[in-house]
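Starting from the known structure of chain C, fit chain E onto it as the hints suggest.
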Amino acid sequence: MGHTEIARLPTSQRWRVVIDLLHAPRLDAPSVASAVTLAAERRLRELSTDPSVTYCFWLLTRLAAAARSPDFVAEAAQLGIPVRSDDTALRFLARVADHTRERLSAYPESGPFGEIAAVALREALRDTVGTQGRTLFGSSLEDVETAFRRYANPTQFGDLAQRFFASFMSQTLRYYVDRELPHAIGGSGLPHIDEAGDFARAMDLHAHQLAGVVERFAVGWYSKKNWERLGTIGPDDAQGFVGHALPKLRGALVREGAR
Amino acid sequence: MTAERTTLALCICDRAVVPANLPAPLRKHPVEITTRGKDAEINFVVEHLIEKLGGHIEPRVLDLLSLAAYCFAADRMVRRGGAVDVHREGWRRELTLCLPVSDPTFWSRPNLLRLLTETLDFGTDDRWSFHFSAVDRTTPQLAITWDDRELLSQPDTVVLFSGGTDSLCGLVEGVTQQGARPVLVSHWAADHVKARQQRLRAAVRRTFEDWEFPHVQVELHRHDKRDGESSQRTRGFLFACLGAAIAAHLGVKTVLLPENGYVSINPQINDQLRGALASRGTHPKFLFLFNRLIDLVFDGRVEVVNPLWNKTRAEALTTLKDAGCQQLLRQTYSCGKLQGRSAGKSHCGGCSQCVDRRFAMLKAELEEHDPLEQYEFDMFTQFVPEGEARTVTVSYVRCAGEMSPLDPEVILDQRRELDLCVDPDDPDADQQCLELAALLRRHSEEAIAVMEQMYRRWSRELAQRLVDPHSLLVLWPRQVGTMVNAVDRAHESRSVVTNAVSSFGVTSTTSQSSFQRTGRVWFITFRDEKGGLPNRIGVQRLARILKANGQELEAFTLAHDTTAQDTTEETQIPQADASLDRRASHQADVGDVLDSDAIDAYRDRLDELDRQIKVARAADDARKATDGEREKAWLERELRMWVGMHDKPRHFPEAHERARQTVSKTVWREVRALDESMPLLRAHFETFVHLGFICWYEPDPPEWWDVSL
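Order-wise, the sequence lines are chains C and E. If you're matching positions, the first sequence starts at 16 in my numbering and goes up one per residue. If you're matching positions, the second sequence starts at 758 in my numbering and goes up one per residue.
Any given hint might turn out to be false.
Only part of the chain C face toward chain E is listed, based on derived beta-carbon distances under 7 Å [to be verified]:
#1 17
#2 21
#3 42
#4 110
#5 194
#6 195
#7 198
#8 201
#9 208
#10 228
No lab work stands behind these hints, which were simulated from the structure alone. In this text, a Cβ means the ideal position worked out from N, Cα and C, and glycines have one as well.
Looking at chain C on its own, in the form it has when it is part of the complex (with noise of 0.2 Å):
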């Protein structure tokens, strides 16, 4: 037990140019994340229309909308989540991640992107405790509500579509790079352990940045699909953002790198 299937990137002509830039004596982040954008770029596209990613973002929407209704405990069940009202906000994690997971086993293709897309809107929901000030340990289910209710505006989950997005896209950059930047530790580029994780870091700063453009193209979209759906958003309309806005996120990737 305790076994990693553990793997480096290929050494194909777009999968080199990765390498040699994590190799390089001066790491740039935004040009390592054009790469990989490139590199996978297959892979990537077909990210939006993955069911997995499409779903994940779905619920997204729906708890948020859930989250402003009455009883957010009967909405979260009607979504298939069996809330308790006692529940902590740990609680209600592990729930959504139960949730998702069962879920997502139906859909094999999107083979780790499924639990990237999971994670990340896991994380969007941990981020808006988080952005209360709070930890997760004592946190309760009313907090998490609180805490989410504000974002069911189209302003404010506009936010949340950033923070997803992000997630996603930090979580898919770095799901690349980690196979070759173990490697790349003691070049000049990075000499010690230490900055292999500030390059990470700056990645995710680099995703989250660019994840803007999901959030203003957000706005517009949730208002307007709200007003047109009576505020149910439907798994095709999720499939409609997540189609456009992954291609905008990718775009800007390659555009940022070639700066």
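Coordinates of chain E only, in the frame set by chain C:
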């Protein structure tokens, strides 16, 4: 990846009936799993079990064993795509098994099927489905080495005995602390593993002479020597099933599956390790699901327990040491790689198990029982080979370095894998989760302590550059003696994080002063300075104080975090007073916070300030007047807190004093950490952030912060 590219496999076990309604694509390439005849793919012949046990074996026990073995075979025979599959498109498979059992109706019950698939799905990342048909049990099955005589002494526990350090620790703990009389159950697929298990068991018998330690060794592997799928994510399920089935047969309730808590969680030390890419064979969630399944199968007669769930390996080894059994460690074997060893080298030294074993042995000061010669290389001083070894060793230390300065509550916030360790229906789930976060913290501290220890040990060679440049000690950035205590370490770590944001070509695009959390890091912009701090309690408290810009917050509230979301409305002084009085009635009192002399001194200073302000105004010295007013306002606030009605000193409950100390300590620590890359901000905070029983931030001139609260 489209659904069409997913690996689909229909596994037909021993010519079981295949339902006619299975989808056509699934039927295209069936995988035959046979256990009988000379072409059998797997040595799955239960013959000896039935013969040697002599008595009646419950059909359900046999069914469970068969089920586990068929799943294991299917897992080995259907490839996932391997390391060349950069996107891991083939990692998750859809496996449909048609298999024979004695009671198809029982095994086809929806709730049982749901739990069975959920357990396997979680453990393997695959999507499993099953179709059961009736078995012809005329052909006996499963090769097993079992000496009936050894079972005569009425065992009371089953211990799953892999031959590693954890199974030994769990066994010794059970015997010495609970007086257990265990049956050992092992699985082996290679002769040398079998021999090692037997040697260790023999050594245990010599150490504890009062008990025979009956040993059931189950041989189970593919006959086909061609490369199969090597990930073996069903191994945990197989192992647990073996234990549960034999326990059920023996009428024993408890099955111990000892695995240290760190390895059980198997945290994501490297970001490529998504899902079951880091195995989950003893994961808390897996055991929880497995126990629910076994509950249905054996009507609550058997329970699988991990006695080491809240211990690091070093802590488990200490238990072994305390029992005086450390000499047994020489017979243990932890390496996850069965092949590719040089002669005399039992451990590869670079897989996750080897790395954790080596660190734990050093931490528990048991190095003499874990000779370096048995490892292929010394990761601390020698070249760490590229590939898995480099990735694992470096990621292990990096992860430890990031977690060791964090409070468990912050680890709980940041480590996403902990969400999966919780049973949401368990009322103690939060506490258990916090305990796991504390375990991760202790493990990280142990790892860093070992790095420091090794750094000191090899300092001369390091100075003389005699240590390989691609060894852990050289790749680790620390200098001897600078990182000995945790506080220093925390500060160092924070400073490094602070620099991270402006390095590597990323600059914050936010123009105003901002204090924004993104995942694990707070990104800070202040005038021309940009930086970051890891998400810790102190930073969160600082963020709340900034958010309340100009408003007062109670330290007790900040420390216990019990207010509603809008802190600016609920923690004004009058309310704070009321709540203090209310709480004071039932909490320990630490006495007067300020004695009468001090109060007098404060009042004298207030009078003096009044005079100074008047003089300054008269002299048109606005700056001096403003400074005086600021100090006066601060003193008045303090006095309001410390002096009650009729000028009597207020008595504060102990909890408030603790809260004051905690908030001050944690917040100032973070402010100090800003020194290196944000000196302006540090000076700004030191001037305008006030921490006491009441905390507030009042910049002059006003500073508007965009805080993500």
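Going down the list of hints, with the structure as the test:
1. 17: Cβ of residue 17 of chain C sits 4 Å from chain E, so the hint holds.
2. 21: Cβ of residue 21 of chain C sits 4 Å from chain E, so the hint holds.
3. 42: holds (5 Å)
4. 110: It holds, given that the least Cβ distance between residue 110 of chain C and chain E is near 5 Å, below 7 Å.
5. 194: It holds, given that the least Cβ distance between residue 194 of chain C and chain E is near 5 Å, below 7 Å.
6. 195: Hint on residue 195 of chain C: violated, closest Cβ of chain E at ~9 Å, above 7 Å.
7. 198: With a minimum Cβ separation of about 6 Å from chain E (threshold 7 Å), the hint on residue 198 of chain C holds.
8. 201: holds (5 Å)
9. 208: holds (5 Å)
10. 228: violated (12 Å)
The structure fails to meet hints 6, 10 from the earlier list, while all remaining hints are met.
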